[in-house]
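Protein chains: 6
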Amino acid sequence: MKKVLGMGEIMIQMNPTEKGSLVYQNLFERHVAGSEANTIIQMQKLDIDTNFITAVGSKEFGEVILSALRAEGVGVKDIKIDEEHPTGLYVVQRSYPFPEKTSVIYYRKGAAASFFSEDDLKEDSFKDIDMFLVSGITPALSDISRKAALKAIKIAKKNGVKVVFDTNIRINLLKTSEKAYDCLLPFIEEADILFTGKGDLNLLFGKSFEENFEEIKKIGKRKEMYILKLGGKGAMVIQDDRVYRSAPFKVPVIDELGAGDSFDGTFLAALLKGKSIEESLKYASAAGAITVSLKGDIEPLPHWKDLELFLELYESGEGKLLR
Amino acid sequence: MKKVLGMGEIMIQMNPTEKGSLVYQNLFERHVAGSEANTIIQMQKLDIDTNFITAVGSKEFGEVILSALRAEGVGVKDIKIDEEHPTGLYVVQRSYPFPEKTSVIYYRKGAAASFFSEDDLKEDSFKDIDMFLVSGITPALSDISRKAALKAIKIAKKNGVKVVFDTNIRINLLKTSEKAYDCLLPFIEEADILFTGKGDLNLLFGKSFEENFEEIKKIGKRKEMYILKLGGKGAMVIQDDRVYRSAPFKVPVIDELGAGDSFDGTFLAALLKGKSIEESLKYASAAGAITVSLKGDIEPLPHWKDLELFLELYESGEGKLLR
Amino acid sequence: MKKVLGMGEIMIQMNPTEKGSLVYQNLFERHVAGSEANTIIQMQKLDIDTNFITAVGSKEFGEVILSALRAEGVGVKDIKIDEEHPTGLYVVQRSYPFPEKTSVIYYRKGAAASFFSEDDLKEDSFKDIDMFLVSGITPALSDISRKAALKAIKIAKKNGVKVVFDTNIRINLLKTSEKAYDCLLPFIEEADILFTGKGDLNLLFGKSFEENFEEIKKIGKRKEMYILKLGGKGAMVIQDDRVYRSAPFKVPVIDELGAGDSFDGTFLAALLKGKSIEESLKYASAAGAITVSLKGDIEPLPHWKDLELFLELYESGEGKLLR
Amino acid sequence: MKKVLGMGEIMIQMNPTEKGSLVYQNLFERHVAGSEANTIIQMQKLDIDTNFITAVGSKEFGEVILSALRAEGVGVKDIKIDEEHPTGLYVVQRSYPFPEKTSVIYYRKGAAASFFSEDDLKEDSFKDIDMFLVSGITPALSDISRKAALKAIKIAKKNGVKVVFDTNIRINLLKTSEKAYDCLLPFIEEADILFTGKGDLNLLFGKSFEENFEEIKKIGKRKEMYILKLGGKGAMVIQDDRVYRSAPFKVPVIDELGAGDSFDGTFLAALLKGKSIEESLKYASAAGAITVSLKGDIEPLPHWKDLELFLELYESGEGKLLR
Amino acid sequence: MKKVLGMGEIMIQMNPTEKGSLVYQNLFERHVAGSEANTIIQMQKLDIDTNFITAVGSKEFGEVILSALRAEGVGVKDIKIDEEHPTGLYVVQRSYPFPEKTSVIYYRKGAAASFFSEDDLKEDSFKDIDMFLVSGITPALSDISRKAALKAIKIAKKNGVKVVFDTNIRINLLKTSEKAYDCLLPFIEEADILFTGKGDLNLLFGKSFEENFEEIKKIGKRKEMYILKLGGKGAMVIQDDRVYRSAPFKVPVIDELGAGDSFDGTFLAALLKGKSIEESLKYASAAGAITVSLKGDIEPLPHWKDLELFLELYESGEGKLLR
Amino acid sequence: MKKVLGMGEIMIQMNPTEKGSLVYQNLFERHVAGSEANTIIQMQKLDIDTNFITAVGSKEFGEVILSALRAEGVGVKDIKIDEEHPTGLYVVQRSYPFPEKTSVIYYRKGAAASFFSEDDLKEDSFKDIDMFLVSGITPALSDISRKAALKAIKIAKKNGVKVVFDTNIRINLLKTSEKAYDCLLPFIEEADILFTGKGDLNLLFGKSFEENFEEIKKIGKRKEMYILKLGGKGAMVIQDDRVYRSAPFKVPVIDELGAGDSFDGTFLAALLKGKSIEESLKYASAAGAITVSLKGDIEPLPHWKDLELFLELYESGEGKLLR
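Chains as they are written, first to last, in numbering that gives the first Met the number 0: chain R, 0 to 322; chain V, 0 to 322; chain W, 0 to 322; chain U, 0 to 322; chain Y, 0 to 322; chain S, 0 to 322.
By construction, these hints were calculated from the structure, which means they are not laboratory data. Hints are not guaranteed to be accurate.
What the hints assert, rightly or not - Now the stretches of chain V that chain Y is said to cover, found in silico as 3 or more residues with beta-carbon under 8 Å: (1) 17–24; (2) 96–108; (3) 201–213.
Unchecked claim - Per the computed footprint, the stretches of chain Y lying under chain U, defined by three or more beta-carbons under 8 Å from a beta-carbon of chain U, are: (4) 12–24; (5) 303–312.
Claimed, not checked - Straight line, CA to CA, 30 Å or less: simulated DSSO-like cross-link-like pairs of lysine-lysine: (6) Lys-58/R / Lys-294/Y; (7) Lys-178/Y / Lys-146/Y; (8) Lys-281/V / Lys-150/W.
Glycine included, every Cβ here is placed at the ideal spot set by N, Cα and C.
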């Protein structure tokens, strides 16, 4: 069975029960989220065997994160429990001042995951692993994190593990184009499979879409595949010189958070399960659509049967009540 | 004053406060629902005098159901309290994995209503009654229920009570077309007023819509009227050789559960109040529209003044704030 | 710094957590609202210095209202605490029986604000004030209120304070066109800036829109500016013989309550901050759009930065997630 | 079967979900309560056939009250729907500033029940009735209410219906001892069964407990029985010259509201069911104890089986978990 | 590392957010619970390696149970997913009609766990296992369950696994003393470690406490240890002829459910970790006290650090706030 | 009118709706709290004119804190809005693993308040001020904070403002006795009025209670008054050589957070209002008792009328329901 290892920060998410300015929010739901972890959980839900490496605080919120991963079946044996630093936390504001706008207040600076260092990596974590996944958030967290992510990729390569990287730029962490470029370059170079998006490319290279894409292709070596996420315009995959496109599924957007992660995880899981690129794109788009139609990052992530049912109902044009 | 008697199972409904997969739902609202009871409550809200027969458990959930019926003004004097079997219960999953999709987990097997037998029927319940209503769910519950429903129809006929039947097929209870046909045939034969829908006809006869309708007409005897519910395409009534049609009112769909029952109850109540078939269809469509625009089965059921206001606002094109 | 004084009733609002008929609502959120107060709070949020005059009950609900105003930075030093009469309260029903319909049950009769009389007015409250604002609700509350509002305008004029009046007719309080006309006439006469709407004009004069507008212009003297709110069709300002128009911003409507107040407050604040009429109209329309897109009267009222962000996102056509 | 008729105001109760000052309460549960109605519902729960007369508003809150009574099985056929006046409402503050202290803000002035007049009484309501019940709240509501209550007693007497009166003084409505005395005197004179308490007696006569009791005995004529509620000290019944006492059951006090009503209703129901005075007192005390141990007025009211179980568990000294 | 295997039904628990009669409960929290699973989770929390065998339904509620076990770290690889039968569910009523009384409505008849049969057992599940645990609930579920439990014990013995049995009688499932005796006898005979309580012994043998204990000792063979739980009076352990006693820790009782399971799991885990019987009893009593002081079955189960802190604070007599 | 200035960090508090381990908490209420701010708000509620200095983040949570202070009437004009650092936040765990135990997870490191420096102090803030208040938390936050607090005291002294200091040691911030001593010494030296407690004295000096008190007396100069808080044993005031004692009021403890702050604020306000030390102690103890009897830090803080009512009800021994 295929096995995937992910790396990244997982945080406590405080999400108000109501939409609107945080100034007036009195009640919050506690969720768990983290871009790479969302992707890994999506893969686990699609029957891929997964493990995760990160650091969490030793107080109850660290346990919350371990429980959430274990509940989904993700392996946690190599996660570091940090006695000194807290588990990262962020607070979400939804639909203010614009209906579809989400913004966040972060309490991630100085959190445990930023102190997960090269020395915390164990070569054993990479044994019998087929794929290693990390995103542009991790190197942006701290210098320690960046070095750890670089070393992780080195170990992966050494052990013959395929490297997946999603540029996933957080402007909040990487203030300028220059910093983003410098920080992410080595990862873009090394990735075997690279996910990125129009906005990220623009931030990195600042040219036209086509030129940006030429730029990134120049950087990468031994790149197996590029996946470009185009938001409301679907997605495209470039492999060698073939281009595959998919249109998005149209559903009412409730909460965009996590949709890209769900897309990534489903695309990779489908590939690992032997689906074609076309099929994988279709499943990935369906997963993204399901995820935007509901609140939460992890909660909407679909199983295979959910993906099949979504496609069937979408195509039949009926949200038929089955009783 | 016109008086109507209904028969069928009423269940405790556990409805999560949030949309999405039941795997992640922590909080549930308790409601009460049952197809025939919804219809009867709709009629009571429209000033028809009603009674209901069924069985409920003797523990608190039985009392919940009696209270709910009494609160609406429905007579409960002939409802059996079963010391041995629990009150049926079901759990709803909303909007997963598709925005408009609702699915349910039933705990109705072995429940009190399935043990309401021929012997529990009292001839007195049918005295001074103008109309008796039952649907295809009741005979599908258990063999005991089926026999009880058949006998109820016999008593009704004997007492000159008009019989209304809605095919209302639950594939969950009647696994195949054959079973559905065998189970429902005698009810279709005996009904004076028959409600059915495109999907039910297709399941029963498996031919084109027109042919299906010819089939069902062959079966029925002394049929006063057929009402065909066509979902998003409105409804039609066939009486003798006249056909009446109504287009649906367009409102955002929040929860489809109970809309058909509300349609049935309003149509029948309007007829009993002396409205024409055209008017009755219009009111029934309005009631269905109101019901789909809100959560819950019983809670959205409108009074006459609500129906009038809905029609007025719908026609004026304004949801005017009146203060 | 410009300073504005408002006057009017502020009430406790009980708003059910769920949509639908009040008959089935079990849980209510407590909010605070009042048309003139909403407008004043909107202005305070846009960095105008404000004060408010009214009366509230001496029990906890009076304190709730004082706290809400103070929280927003509105001056409360001249608000009367009434030991005898309670604080007004109202209960909202949302989306029943029509999706966009809101209705209310009032407990405002005999409330403290209706007993705020001429004698409760202090000339000092009008010192160093640039603008005084009241709406058609206040004179409609009670004879005492009407006299108090008239005297307030007199004091304002005497002190060189500009008078703003919004006709804001509540048919619930002013049962007929005649009563409305008689009650509001002196206010329309005296206002320097007059806000009104198509519906109010129609109620007052009952002619065509153009004729109605001619009628109101005849009444007013020394009128600086008319602002006509046209609901889904935007708004227009008439100054001298120039006409300025703005189209509405299109957002999903969640709760219309408070949108007109937000519009008024933003328009006035923008003017006071030296913006042109065109700009002021644009900001006012944006504020109204933000307000209808969320529940609550006060909670959605935007700051300048929120207005700017709304306009930017609206124009870019993207509810971009910024992280 | 014995039949009882009750009369009094029933109100919408808004009860915050949290304890503490109302200034900080954001969320309220909607309940229904009214002293006489609580008593009548308690009797209905104990299998006495009951009816109620009052007036409610014609908007949704009136329907809420009718539904609540019907749900419990209380007859509502003679309740007046008042198009002009709203349904009374009150808001509760719990445990502030003292752990066991409850206080209320009333919106009952000008409510429908205060306008239920002599002319609204129907002689038919008193046919086939064994007992008529009203309390000191009703005559204190308004002059109209007082006259209606007096006439109700007259009709009751004329029809051979036994009259029950609970002095139930609300100092909020009857500001002084003198007013209370004048208002309640004719009711104390006419009652066949009189409930009162130490505090009420003290307010009425202002002497020692024994002297107060002598005073009240002088007033009453044809008095069948006096029941004195002594709060934490239990209760006593005086019939002719016999005195019966009961000690209270000790349970943690959660919410005192409604405990006296539950006591009254259980005592009367037990008597009507043929229990002895001693037994009736014991059941009544148990009902009071159950009621104080839970929130709400109506919700804790016990059935016979609940009373039996309470007594069994109280005596066994074990809150045994039965599974 | 020591490894323990548990077997038994795990159910969905619907627990109302408020105390009081279920008739008035509108909102329910969803939990997961099952006596043997509680015990196993308690052991896993105390760093014992655990696995569990049972059957769950294939719909979302089955996944809820798997997630809950995985979240706690319990191995689920041998749990059967049953396509035909639903996952058991029960509804709790708290504090009615007596403050400490809990009662339940079960929907467990015909549930998946009752159909987990001998044939579903895999010998592999018992490899490398030190201890096998089952309680008197499992054989009482159905004849199929009883046979499966017997066979499980046989396999355990054959593989040299120590057998732990808690009599845990549910009178709801085993209606009479005779049935309980017949059903549980073979388990009492075979258990190496036997947990039981005063009530269970009384039900089984109906004599004095001492005589009952003599009876049970006669039955058992090769019994390593008896643990008697005495409710409010603590617990005692009898090993060979030595008797160990522990007094209970006194804390306010919020919810008794799960306290016995927590006691069992902690006692066993402490023993397996090499603690003395005296120490194990003390930790077990502390775990029981923590569990009764909070709602929920699984949520209060303590880790070692929680047990240590509880003991420290209990002994210091101060619930000191540490900040 | 007397005027008081306070200084310290104010944080967003996330408080779970349920008791128990944070691992299982899904829903949190958002509150605002900070020791010195609690004290200042308590004084404002008792009609003392107050201002506060601190720094908050520029995002919505900063506005939440400003709103909360303004709502209570506390002056906020000199509070710094920090664009760079977030507003501090903490999460509370209640009643786990011991019934009365509260613990917290802090996200205050690197928060805005820790960067409020000497340079942010304005001499104007201390004009026309009678009393300046700070506690041991502020110097413990960061070196910047400590220097700012020292300078604030210097400015206060220079302007003839009386200095109040509460040792209020947070072991979480000041890891050892040595660090606590070094950090707090200059504040203890300079304070005119010093609040401290048994635990703090012990941590600072580690001797017997009497010796500890002698130690602290040696340090202070120009000390006007010492107030010693003894938890469950009440409080004592030492002025010159007179000792005043007060016993605590006994009420059920719901949440200890904020009780000491309420005590401090009430004692100081009473003194400033001209009450005797004995009276001030009694009011302060009552305020502390009210605060522990309810959740929240700010919400339970009493007004004078609440204090009077508490004392009256406490003395009468009755939680009388007044209606």
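Outcome of the hint check:
no.: 1; hint: 17–24; result: holds (count 4)
no.: 2; hint: 96–108; result: holds (count 4)
no.: 3; hint: 201–213; result: violated (count 0)
no.: 4; hint: 12–24; result: holds (count 6)
no.: 5; hint: 303–312; result: violated (count 0)
no.: 6; hint: Lys-58/R / Lys-294/Y; result: holds (21 Å)
no.: 7; hint: Lys-178/Y / Lys-146/Y; result: holds (15 Å)
no.: 8; hint: Lys-281/V / Lys-150/W; result: violated (54 Å)
Of the numbered hints listed earlier, those contradicted by the structure are 3, 5, 8.
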